[in-house]
Structure formats: structure tokens, C-alpha cells
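Chains as they are written, first to last, in my numbering: chain A, 1 to 184; chain B, 1 to 196.
Don't read these hints as lab results, they were simulated from the structure.
Every value quoted in this text rests on a predicted model; they were computed, and no experiment measured them.
Beta carbons are placed, not taken as given, at the ideal position from N, Cα and C, and that holds for glycine.
The reader is advised that the hints may include incorrect statements.
To be verified - Label-pair distances were calculated between CB atoms; the ranges are:
1) B:Q54 / A:D54: 17 to 23 angstroms
2) B:D60 / A:A18: 52 to 58 angstroms
3) A:V169 / B:K72: 39 to 45 angstroms
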Amino acid sequence: MPPHDPRATEPLDKELIARWQRGDERAASLLVERHADAVGRYVASLGVRDQVQDVVQDAFVRAFGSIEGFRGDSSLRTWLFTIARRLVADTRRAERRRRGDADLAEGDASTEYDALDQLIADESRQRMHEAIGRLSPTQREVFVLRVSEGLSYKEIAEVVGTTEGAARVHYHNALRQVKESLYV
Amino acid sequence: MSDCANVEMRELLPELVHDRLDATARARVAAHLTTCSDCRAELELLQAARAALQPIMPLDTRAIVAALPRPKSRPTVRPLATRQVWRIAAAITVIALGGLSVNAVRQMGGPEMVLVDSARSTDTAGAQPGAVVAIADTPAAASRNGGMTAGFGVMDLADEDLEALIGELDKLEAAPRVDPDANRFGRMVAGTTGGD
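Between the sequences and the hints, there should be enough to build the whole structure, so can you do that?
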């Protein structure tokens with residue numbers, strides 16, 4: 001079933017990349033405006049709070065710095081997610097080394113994510129945020145990519161580094177858990 | 001809130017949220033939603049989750065654009081083009097100066113200067129007694145010897161010769177040669193023949 005894309009009339013990412021490579025800076029602005037918020041949402045879902053702007057900016061800088069390496073097999077957005085994910089992982093690893101901590105896997109990400117709740121005034125929105133915050137990092141990541149960004153399981157598998165089947169299982173487990181948090 | 005048994009419909013709900021279904025699929029899902037309260041509730045949950053995940057603080061996209069690197073192809077093209085123009089200008093200047101020098105010598109009424117092909121430079125019998133014989137590479141000789149010519153108009157040069165001249169000028173700019181005899185395109189020997 002071919003997906004319906006309401007942005008079909010807008011220039012494709014590939015066209016904008018080509019225009020930017022020919023020196024059209026406006027094309028770069030369009031690409032940033034098109035994808036920055038999505039990358040920001042994804043980065044926030046990974047538990048990043050204060051440095052969302054920095055991570056998103058770094059992801060774009062790295063992507064544009066090696067744009068020749070972008071083969072177009074996946075979408076530019078998926079590629080940006082992958083780069084942002086790597087940046088967050090690198091930052092956490094460096095922090096762990098600096099602090100001499102043991103493994104910082106699930107716990108810290110959840111704590112950072114919970115801190116976002118303080119900024120959310122709307123009650124129903126806050127409850128939803130809490131429910132998503134209770135998911136495991138992997139479940140939350142998959143859930144955000146599927147629900148908030150509308151990625152396919154194939155694209156999610158590329159970003160997260162797993163299989164399509166595993167991405168589907170994570171999504172349905174996350175959805176069930178969010179339902180339980182909200183309605184039980 | 002329970003899960004609908006129709007897994008296919010449930011899989012289409014996130015696509016519906018993002019308006020990525022074609023008309024047929026959208027109609028099918030809409031028909032299903034009229035009869036399935038579980039899917040309606042799930043669709044509402046997905047829409048609420050999407051709304052909750054909107055960014056709290058807007059990103060500064062201008063700062064992101066300003067931080068982007070410049071396209072790699074641009075800086076390599078322009079200076080090359082500029083250098084090419086300078087090379088051609090330098091080549092034309094050298095050629096024009098050569099032509100003017102020959103004219104000046106002729107107008108001074110000095111001994112007649114005869115240009116001969118360097119490949120036949122030993123044959124100066126055709127020159128008048130007392131004439132200055134300049135042995136220069138004509139285009140034909142240059143192409144035989146792989147060398148360059150001097151003292152001819154730019155129209156006399158073939159494309160390959162012009163390219164080669166530009167190449168030689170580049171080399172001169174980069175590392176001037178110490179040995180004047182090795183300067184192939186400036187090869188010119190002038191002398192007075194005995195006329196024998």
C-alpha cells in the first residue's frame with residue numbers, strides 16, 4: 001500500500017541536498033526547518049534535557065559535513081536520527097568515563113526523562129509523559145519513532161540497530177504498557 | 001481498554017495519525033473505526049501521545065544553519081576558474097610581448113630577422129648575408145619536439161599548444177627553473193650568421 005505523503009509537492013530532500021552542494025544556502029535552511037523539530041523530539045525521548053539544541057545542531061553539522069556518504073537508501077531524517085543517537089551515546093559514554101561510574105544504562109536516562117515532566121503544565125499531557133517515561137529506554141525510543149515521527153518498522157530498525165520484528169514487538173509492548181499506565 | 005484482534009487495522013493507526021494512508025486504506029480504517037471502540041480509543045491515545053511529545057522549547061534553527069559547514073564543491077571550483085583566467089591572461093601577455101619585440105626590431109631597420117624551424121636550424125642558407133637568424137620553435141616543430149613556441153600570435157597556437165603553454169606557466173609559478181637552457185618555451189637563439 002503506497003503511503004500518502006502530504007509533502008509530495010515540496011522539493012525532495014535529495015533535491016535540496018543537491019542544491020545546497022551547488023551553493024544554495026536556502027536549501028540548507030529548508031532542510032533544517034523540515035527536520036530539526038523531529039530530531040529534537042527524538043533526542044528528548046532519549047533522555048537528553050538541557051543539551052537538545054546542541055545535540056541536534058551537532059547532528060546536522062555532522063550530516064552536512066559528510067553528506068557525500070548519504071546514499072539515500074534511507075531518508076535523511078532517519079540518517080539524522082541515527083547520527084543523533086550516536087552522539088547521545090558518545091556523550092553518555094564520555095560522561096561515564098569522566099565520573100568513573102559503572103554502567104549507566106537505563107536508570108539515568110529515565111531520571112533525565114522524568115525531569116521533563118516538571119516543565120509540562122497540562123495535566124493530561126503530563127500523565128501521558130509519565131506513562132511514556134515509565135517505558136524502558138528501548139521501548140520509549142521505538143514508541144516515539146513510531147508514534148511521534150511516523151517511522152516504519154524498517155526505518156526504526158535502522159535507527160535503533162535492531163530488526164524489524166524486534167521493533168514491532170517493542171512498539172506493541174510499549175503501547176500496552178502506556179495503556180496500562182493510563183487506564184488501569 | 002483492550003486490544004482489537006484486527007492486527008492489520010491496529011498497524012495502520014499510526015499511519016493514519018501521520019496522514020500517510022492512501023484514499024482506499026483511509027476509507028477502510030475509517031469504516032473499521034465506526035464499529036471498533038478499542039481502535040477508536042487506541043487512535044485517541046496515539047494522537048495524545050504525539051501531541052505530548054511535541055518539543056517544549058523551540059529549537060533555534062538559525063543557529064543550526066549558521067553552524068553548518070560550507071559545501072565542499074564550491075571552494076574548489078571558483079579559485080580554479082579564477083586561476084585559469086589568470087593563466088590565459090599571462091599566456092596572451094607573453095605572446096603579445098614577443099610579437100611586439102619582433103615588430104620593434106623590424107621597424108628599427110636592423111638586420112632582417114628570419115624565423116626558421118628549429119628542426120631545420122642548421123639550414124640557414126636561405127637567409128640573407130648579415131641577417132639575424134632566430135631559431136624558434138614553430139608550432140609544427142613544437143609539436144614534433146613536444147616543446148612550445150614563442151613569437152607567434154595566439155591565433156597560431158593550436159588548443160593543445162595553448163594548454164601546454166598554460167601548464168608551463170603554472171610550473172614556472174610554482175618553481176622557477178634555474179637553468180635558462182631548460183626553459184623550453186622560451187628557447188630562442190639569436191646570432192649573426194656569416195652568410196656563407
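Here is what the structure says about each hint:
1. B:Q54 / A:D54: 17 to 23 angstroms: Since B:Q54 and A:D54 have Cβ atoms about 20 angstroms apart, the given range 17 to 23 angstroms holds.
2. B:D60 / A:A18: 52 to 58 angstroms: violated (26 angstroms)
3. A:V169 / B:K72: 39 to 45 angstroms: holds (42 angstroms)
The structure fails to meet hint 2 from the earlier list, while all remaining hints are met.
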